[in-house]
Structures are given as C-alpha cells and as structure tokens.
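**Q** One-letter residues, chain by chain:
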Amino acid sequence: MEAIEKIKEIAAQAVPAAKIEIINSTPAAQQPALLVDREHIYAVGKFFKEDPRFQMDFCSCVTAVDYLPKADKSGCIEVVYHLYSVAQKQGPIVLKVRAPRELDQCRVPSLTPLWRACEFQEREAYDLYGVKFDGHPDLRRILMWDEFVDHPMRKDYVPPPDYEWEPTPHDDTLQRAVEEGGIMPPTAREELEKAKKK
Amino acid sequence: MIQPLTDAKPYTLTPGSNGVIETQTLEVSIGPQHPSTHGVFRMDCVLDGESVVALKPVMGYLHRNHEQLAERMAWLGSMPYTDRLDYFNSMTNNWAYALAVEKLAGIKVPDRAEYIRVIMAELTRLLNHSCVIGFMLQDLGAWGTPLLYAFRERERILDLYEAVSGSRMMCNYMRFGGVRVNLTDENLATAKDIATRFPRFLDEFEKLLTNNEVLLARTQRVGVLPKELAINAGISGPMARASGVDYDLRKVDKYGVYGRLEFRVPLGDIGDVYDRYYIRVLEMRESIKILQQALRDIPQGPHIAPEVKLRNFKIPPGDGYGRIEGPKGELGFYLVSDEGGKQPYRYHVRPPSFINLTILEDMCVGHKVADVVVILGSVDIVLGEVDR
Numbered sequence: 019m020e021a022i023e024k025i026k027e028i029a030a031q032a033v034p035a036a037k038i039e040i041i042n043s044t045p046a047a048q049q050p051a052l053l054v055d056r057e058h059i060y061a062v063g064k065f066f067k068e069d070p071r072f073q074m075d076f077c078s079c080v081t082a083v084d085y086l087p088k089a090d091k092s093g094c095i096e097v098v099y100h101l102y103s104v105a106q107k108q109g110p111i112v113l114k115v116r117a118p119r120e121l122d123q124c125r126v127p128s129l130t131p132l133w134r135a136c137e138f139q140e141r142e143a144y145d146l147y148g149v150k151f152d153g154h155p156d157l158r159r160i161l162m163w164d165e166f167v168d169h170p171m172r173k174d175y176v177p178p179p180d181y182e183w184e185p186t187p188h189d190d191t192l193q194r195a196v197e198e199g200g201i202m203p204p205t206a207r208e209e210l211e212k213a214k215k216k
Numbered sequence: 042m043i044q045p046l047t048d049a050k051p052y053t054l055t056p057g058s059n060g061v062i063e064t065q066t067l068e069v070s071i072g073p074q075h076p077s078t079h080g081v082f083r084m085d086c087v088l089d090g091e092s093v094v095a096l097k098p099v100m101g102y103l104h105r106n107h108e109q110l111a112e113r114m115a116w117l118g119s120m121p122y123t124d125r126l127d128y129f130n131s132m133t134n135n136w137a138y139a140l141a142v143e144k145l146a147g148i149k150v151p152d153r154a155e156y157i158r159v160i161m162a163e164l165t166r167l168l169n170h171s172c173v174i175g176f177m178l179q180d181l182g183a184w185g186t187p188l189l190y191a192f193r194e195r196e197r198i199l200d201l202y203e204a205v206s207g208s209r210m211m212c213n214y215m216r217f218g219g220v221r222v223n224l225t226d227e228n229l230a231t232a233k234d235i236a237t238r239f240p241r242f243l244d245e246f247e248k249l250l251t252n253n254e255v256l257l258a259r260t261q262r263v264g265v266l267p268k269e270l271a272i273n274a275g276i277s278g279p280m281a282r283a284s285g286v287d288y289d290l291r292k293v294d295k296y297g298v299y300g301r302l303e304f305r306v307p308l309g310d311i312g313d314v315y316d317r318y319y320i321r322v323l324e325m326r327e328s329i330k331i332l333q334q335a336l337r338d339i340p341q342g343p344h345i346a347p348e349v350k351l352r353n354f355k356i357p358p359g360d361g362y363g364r365i366e367g368p369k370g371e372l373g374f375y376l377v378s379d380e381g382g383k384q385p386y387r388y389h390v391r392p393p394s395f396i397n398l399t400i401l402e403d404m405c406v407g408h409k410v411a412d413v414v415v416i417l418g419s420v421d422i423v424l425g426e427v428d429r
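Chains as they are written, first to last, in the numbering used here: chain A, 19 to 216; chain B, 42 to 429.
Derived from the structure by calculation, the hints contain no laboratory data.
Each residue gets a CB set at the ideal place from its N, CA and C atoms; glycine is no exception.
All clues stand as given, with none of them false.
Calculated cross-link-like contacts (lysine-lysine; reagent style DSSO-like; alpha-carbon spacing at most 30 angstroms): (1) A:Lys24 with B:Lys149; (2) B:Lys355 with B:Lys295; (3) A:Lys114 with A:Lys91; (4) B:Lys295 with B:Lys149; (5) A:Lys26 with B:Lys295; (6) B:Lys97 with A:Lys64; (7) A:Lys150 with A:Lys67; (8) A:Lys107 with B:Lys295; (9) B:Lys383 with A:Lys88; (10) B:Lys295 with B:Lys233; (11) B:Lys149 with A:Lys114.
Derived DEER-like restraints, expressed as beta-carbon distance ranges: (12) B:Pro76 with A:Thr186: 26 to 34 angstroms; (13) A:Asp168 with B:Glu245: 51 to 59 angstroms; (14) A:Leu192 with B:Pro76: 29 to 37 angstroms.
Looking from chain B toward chain A, a few residues come up when the C-beta cut is under 10 angstroms (computed): (15) Leu145; (16) Ile276; (17) Arg364; (18) Tyr375; (19) Asp379; (20) Asp428.
Bound conformation, chain A alone (with noise of 0.2 angstroms):
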C-alpha cells in the first residue's frame, strides 16, 4: 500500500470534484483515514473498488461516531469505513464520512449497492445513531424495536422516564381498576398504609 498523501492524490484525480482531507488517527496506531463530502463518498467508495491499483473487495467495518458540539467547532456524526482488499491482501483504506447533528439532516449516501457487507451495518448506525442512509434498500431499525422513538447511541440521549412501558389491551381496565379503588399505584397504597397505622 502506497502511503497516505498518495492515496489521497490518486482518488483526487479519479474523482476530481470531491474534497477530500486526511485525519489522523493515535501516533501508535498509523491509520490515518480520509475524510470525504457527502455528496462524492459513493464515487470514491466505488473508485477503491474497481481500481485495479487498490481493489477493495471487503468492507469490513462500519460505524457511526457522535461528537458533540465543542466551543471551537460544531459536532457532527462521523460515519467510519475501513475497506480491505482480499484479492490483493492489502488495507486498510478508512473512509470517513460527516453529517449534521440535526435527526433531519443527518443523512449519508448508503455504500450498502457497493458491498452488501453494509447492509446490517447500516442498518445498525440508523438505529442507534439515526444517521438516514439514502439508497439503503431496507433501512430499518434491527437491534432496538420498531417503535422506539429516539437512538441510544447519540452521545446526548437521555431515556425516558417510563422507558419499559409499552401499551397493552389492558390498559382501559387497568386505569378502570385504579380508579374504582381494586389496584392502586404503589404511592397511593403507602399513603393508605400510613393513614391506618395512624
């Protein structure tokens, strides 16, 4: 694998228009990533892997980072591609991705019509980070249940207070019961309690 600064200039000269800027990861680590705009993510994804020089055949992981908004830059949520070539034996090539914050704008293109390897991968950051990816052919919630309303991974999500309640067919009876004095919610029973030891 070439180095970093060369990789950066050849995917430039195959995708002329995209921006594309290096990272870098912990001085130990050595895998610096290249950080690409939205609209040109799937050109360069789709260049890696034709090119005959890289061959990028295995997307191996994906994944969605939320950085919150800091005095000096804002947040956004980074989603994160490590390619790998298995014809070639070579990699990795990480390809880095930003989207607002906000749940209306964060939308990425779907690299899942590239490697299917995507698919529950990104499936997975939408239901835990709500990263919207367009062209995804099953975009869905997979881990957490369908009707959950917000996504636990966003690094400011605070769970409702009622977290495990869900509606039952009961419901009417139960508030009927309550009300009729039959079950009570536990504060009202140690009140009861109190007022007979008194």
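For chain A, the structure is supplied; the task is to place chain B on it using the hints.
**A** Chain B only, in chain A's frame:
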C-alpha cells in the same frame, strides 16, 4: 409469488385461469424461542408449501447496548464485558479488545505472553468448532451423541481455563500488554496432553460423521454461498473459507506470533453446509499443529509488559481498528479516544456472527424449511454477539 396474508383468498384446488392451481404463501415466524436458533433469534419466513420464498432475520432480543456500557467506564473496565459477547470464546474476545487497545497505545507485548495468547486462542478454536459441529448435528436430528462427544472434550479445555484464569467460561484473562496470570509448567503439561489427545477424538468424530449418509444427504448442495457474494457481503472466518475465499487474518495480518508458526488454510470449493462442516474439522487439525508448535517454542520471560500501568491507563487522542481471526470470523474493535483518554469515546465491536447473517436469506431461499435450521446452524451464531 408472494401474496400478502391480509388478502383473504379462498384455498382452492381447482385450477385457475392459467391452468395452475392457485395457492397461498404462508408466513411463519421461527423463533425467538425455537431451540435451533441457538438463543433468541427470529426468522420471518414466507413459505410456499415447504420451500422458503423469503426470509428476514429479526434480532435484538438480547440487545443490552454493550457499546454504550463500555463508553462509560475506563479502558480496562470493559474487558470482562467482552467475555459476554461470544460467551463460547471469551479468550479470543479478550484478545481482540486487548489487541485494539495495544494498537492505539503502542504497547509491545512480550514473547511469552504472545505464545500464551496463541495457545489460548487455538484451544478456543478447538472447543468452538467441535461444539458448533455438535450443535449443527443436533439440529439435524442427531440427538445428543456428537454434541456430548464434543462437550466431553470441551470440558477438558474448560478445566484448563479454570486452572489458569479462575473461571471456566468468563475468563477475563488478557490484559493490555500481556495476560493476567503466567502459565505454570503444570498448565503447559495439561495443554500438551489436550493437544496430543484431541486428534484421537477428531478421528472418532470423523468416523461417525464425515461419510455419514444422512449427513451427506442433508448437507451437500444445501445453502450454497458463492465466493463473490461471500467477499462482497463481508463474510469472514470458516464461512468465507468454505466458499473458497482465501482470507485468514492469521496469515494476512500475522498478528501476535502467527508469522512464526507453520500452518495451512483449508479452503472449500462449493460453499455448501457440508463444506462448512468439513472446513471446521480441517481447521481443528491445523489448530492442533499450531498448538504443538506454540507449546514447543514457548520461551521463558515476563507474561505482561512491565511498563504498562493498568491503573490510570490513558491513550492519546485518535482512533484505530484492531482485528483478529476469531473462531467465528473477523472480530474487530474500533476505538476512539479523545482528550483525557481515560475511557473510550467510541467503542465499536465488529461482530462476525452478526455480519455473517447478512446473507442468510440468499442461502435459504429455494430450500425446504427444514434446511433453514441446518443452514443457520452452519453459520455459527452466538446471540450474545449478534445483539450485543
């Protein structure tokens, strides 16, 4: 043709306008409590008679947001939690996490520790593969026998784990820069004994199974996975190699000391359930070879890098991805550290059995519903890892 069930259609045996008998497809939900799903996993199948027309995996019943739990504690704090991912192979899970952290922090592991890790990982591979074959045959209707034979051997390996780490399944054995406890000569002797006796068990196992007529009839040409699809869908481990994908991270990445050990990577050519069974048998034989070499070559020395301070352990800001060849496939950890660096800012597990399920539908469509159970058994999933 898939017809929605809401469309009430009388079941009739009189030929329709085109001369074909019109029948309804049936939607059947297998799981989440079905024994062959190996946990709480559900498959929504659409059946035409007995054959499968569509199948959607449904998961998440065991979801506990493992990743967020890990993001709320120190780096070492989630080491015991990785045991619970794939509870069959806690040793390899530990190793994958330790490897990713060592990569980020630039820790060099002493030689003896690397050899201990290889020994533990290969023992794990032996117990995983033998049990998976046992479970798969249990699904096929071979009640008990192969599984209990496998469990008998597993017991000996678990005894060694207990002697070494104090726990049979939740080992929590690896540390950043090495392993928690050094192996004694007694432990090494036990491991050697296992390595010498395991081939005998494998011979016995194969005598029962490899040319067994029922096994051949039920598994050959069932659930075929083409090579191109396997690569494209990110399939890894024995599943990919059964389809002929020559990709073993022990050979490709040469992590640990695998570069110094001699072994071959068995490959299948059809990619059906039988290939997946036989690849595992062959991999076990290679694992024994690796074990014998590692037990022969293991040097004396420290079992953990002395300069690593596990208390107040910090990692400079940045991200990294570390992966190993687990028994089920490529197990990777993507970790991000930010300012402070006392705990992971982002902790992501790349679970092999979750991603290997991507192509479950492609493998099952066209087969009988009874084959779905076998195909799922050959994928080798553990729900602790799928749902996390």
